[in-house]
Amino acid sequence: MLVTLVLWLNTISNSIAHILLAPIAWLPGWLSASLIASVTGIVMLFVFKQTSNQSALKRTRNQIKANLIALSLFKEELRVCLRVQLTLLAQAGRLLALSAVPILVMAVPMCLALAQLSLWYQARPLACGEQAIVTVHLKPTINESLPEIKLTPTSAVDVTMGPVRVPASNMICWKIEAISRGLHDLTFEWGEQIFTKELAISNSFLPVSRERPSSNPSSMLKYPRERPFAAGSPVQSIQIEYPDRVSWTSGTKSWMAYWFFTSLIAAFVARPLLKVDF
Amino acid sequence: MKSRREPKLSRRKILSGAAASAGALATACWLGGCNRASRSLGKKVIVIGIDGMDPRLCRSMMLAGMLPNLAKLASAGSFSNLATSMPPQSPVAWASFINGAGPGSHGIFDFIHRHPHQQCAPFFSAAETLPGEGSIEVGDHRLQFNFPPFSHTLPKTVLRRQGIPFWDELDAKGIPSTFYDLPSNYPPSPSHYGHHRCISGMGTPDVLGTYGTYQYFSDDSPSKGLEEGGGRRSKLRFIRDSAKTTIVGPDNAMLKTPTPTTIEMSVHRDRKSDAALLIVGDHKIMLRAGEWSGWTRLDFKMSTPRPLPSQSASGICRFYLQEVAPHFRLYITPINIDPSKPAVQLSEPKNFITDISNALGLFYTTGFQEDHKARSNGIFNDDEFRQQATMVLEERLTLFEYALKNYEDGLLFFYFSSSDLQSHMFWWNSDEDALHPTRTTPEAASRFQYVKDLYQKLDGIIGDLDQRYGSKVTLFVMSDHGFANFGRQFNVNSWLRDSGYLNPRETTSVLTDVDWSRTRAYGMGINALYLNLKGRERDGIVEPDDTAEKLTKQLIAQLEAVRDVNGQQVIRKVYRSSEIYSGPAMEFAPDLIIGYSRGYRASWETCLGELTPEVLLDNPSPWSADHCADALEVPGVLFSNKSIRSPQPSLTDLAPSILDEFGLPTPKTMTGKSIFQS
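Chains as they are written, first to last, in the numbering used here: chain B, 1 to 278; chain F, 279 to 956.
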């Protein structure tokens, strides 16, 4: 049930992202990361406004202000100060409670959006001539030996080493070398069965699916681009070790922090324009 | 109203302040730029330091037409032997080059010094790590904080080379100087005026704090592992062709009892594919038998007491899968300090090496890059060592290309180590001694050919330099010493024992079981001999008067009289330090320096004071050539595209010559003279 739901959500988010995030492919990384973070910040603010009780939030904030003034006026009165501080604590809790609904409303879309953004920023595609390790994870069996799965070289990708079979971990690895740019399919054959995995080769931005996941909801959310393998499939997942993208704004290690801070700044800037209390 | 006026005033203040700041900044930048601007007036001097390049071999190869570019340089400019330091050991020689003066000025007399107050406790001569002071204890941890209110002193490594390096003179005059991998300069000495840049070379440690410790994993290693000089062996136990092990990192010095940090590594081999998969932390590395990986970053986690954030020490290494089956053999290079984010200062200024790493990627940073220990300990065979040394050279050539691209004027120094370490392993001149102690004559000849091939490669580099710059630069190609066969080894402590100077007869090491009350002299390091002098050594017995003088004369006469079984003189000359050294840094100078004849060297055991039953032995090590002989036996080379006037140029003459090229006088601290002046 949950698997079907996530699959359905991924299908929708992939379709939307295919259109909305398409400019990332031709914009500079810093610009696309900044634009997306700013727009999401403003959208989040708008959704917050629509889904929150603005008058209650405003009232609570005013009460907090009043209590802060009271605190400075009666700082000599210990009992008053204590009472005001308790009230402030309660009002902060109330602010949090009033934000719960919008947070709940935005949680799932934000997770889906971040998963889509990670396709672009979490890793970079292979450059032509660059090598990477591909790992096929198999369903655990009681057999000592692993199946004879073949990875066939194509005009887009060469298989330079492998397979290295790891029976102890039920996995098989190959080393591949990128030959021509574009989104390609790696094809793995085991007898009559064929398994595929998308491979991105480019010197610029392309969506990079690092893993074709198993039918596990959390893996599916994390790697939304490719259809998961069925629960009964002998192949459970296929991973490609893509290189890190190095950039302060759109790089592997920092894109999420950059997105978070930039969207926060955008929300603060837009707040008086949209007249939102939070 | 007041509250409205204030922001306007404030904005004006901000704007005028910003303008003033911008002006001040621009002025400062301009002034700074002026200060940094080169005052070499376009003068270019390039020094190529080729460690261990030998003049005899150069001459014979030039005569045979095998070094056309060096021959061209010699005929258009000059070529000469370059007198080296005594002893002709690299740290001593390069420090003499740096100071333009001998060991008495820089205080480095051997690879290893001894501490007289601790009765010959040995330490490395070029750098020393000083322990920190003060700490607080939290559970199993002992922490040091160098900020108030704690103000603990953190441990630090200090350069022991004393005196004034010649680039200080250039620096003070605004003449830029850049040194790539300069030996005897770790930690790098500071630039006082910002015109000097340097990457430390020989003497730079790995992350373990050693001169290079490889790690070797195999299924036929001793079951408990083995620590051997320069490396560590670990046994792999495969189950279904998978094994788990750990890569050992630096000690966690934050623990009360420092213990090594580790990273888990799983090894999976596929005999059919003749390949293996290594999973090291988050990294997957797939290698075929005989294949090297690229540089891999390793982060060693260091435990800290909660709630302090965890710490890590990072390093870089390369993996070499030597064999998959029947025996699995995996070699990991010493874990080098990461040049892209060095944990300790490797260059002056600090960002010099990170800038290079940003441009070139990762590279070796340890002082000894060719892993001679792996060859000596049998981890590598000759071909594997040569392959690794060639990789190092290729990396150096990439760095050299970077150095030339970023060179405008002033002094450029670039160091090549391959000629030294490959010669140690492959040199054998059969004209001097037909029989190699461990190799057949054809084998020895084929290995010697590797050295000649390397000389030819280096000759090509000089040719390239000549094409690029021609007469627009003053070019020096120099080496710190030459080379000689090392077929026989002499244990000076065993000789002292047999001659009655060191007791008792059963002594196995001067560090453990010598009777100092009956010992008058001892050896420590490669060429050094010390008297057990009263008042200087903790347990000294030799009175520093006529007794010491008489003993010195006796030792010199007897050592120079030592003959090998074939009647050959083992020691060419024994030098008194008081006669050959002068200067303010004599504290650790030995009393006598032994100058071996060609073909001989101090025995391996001698270096750290161990004794062997026999005094003279064959050298069974793949390290079959050396230069720690008498300085007159192993001079270096000096090529220049300018005429040299000095009839017998010396290493100490190069610094004054370089200064002379920039129109600067020779400082009083230098003993050398410009080779361009008669």
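Mixed in with the good hints there might be a few duds.
As the list claims (entries may be wrong) - Facing chain B, a subset of chain F residues (Cβ under 10 angstroms, in silico):
no. : residue
1   : 540
2   : 542
3   : 554
4   : 569
FYI, nobody ran anything at the bench for these hints, they're computed from the structure. Backbone N, C-alpha and C fix where the C-beta goes; we use that ideal spot for every residue, glycine too.
Please list, smallest to largest, the hint numbers that this structure does not respect. Per hint list: 1 and 2 violated.
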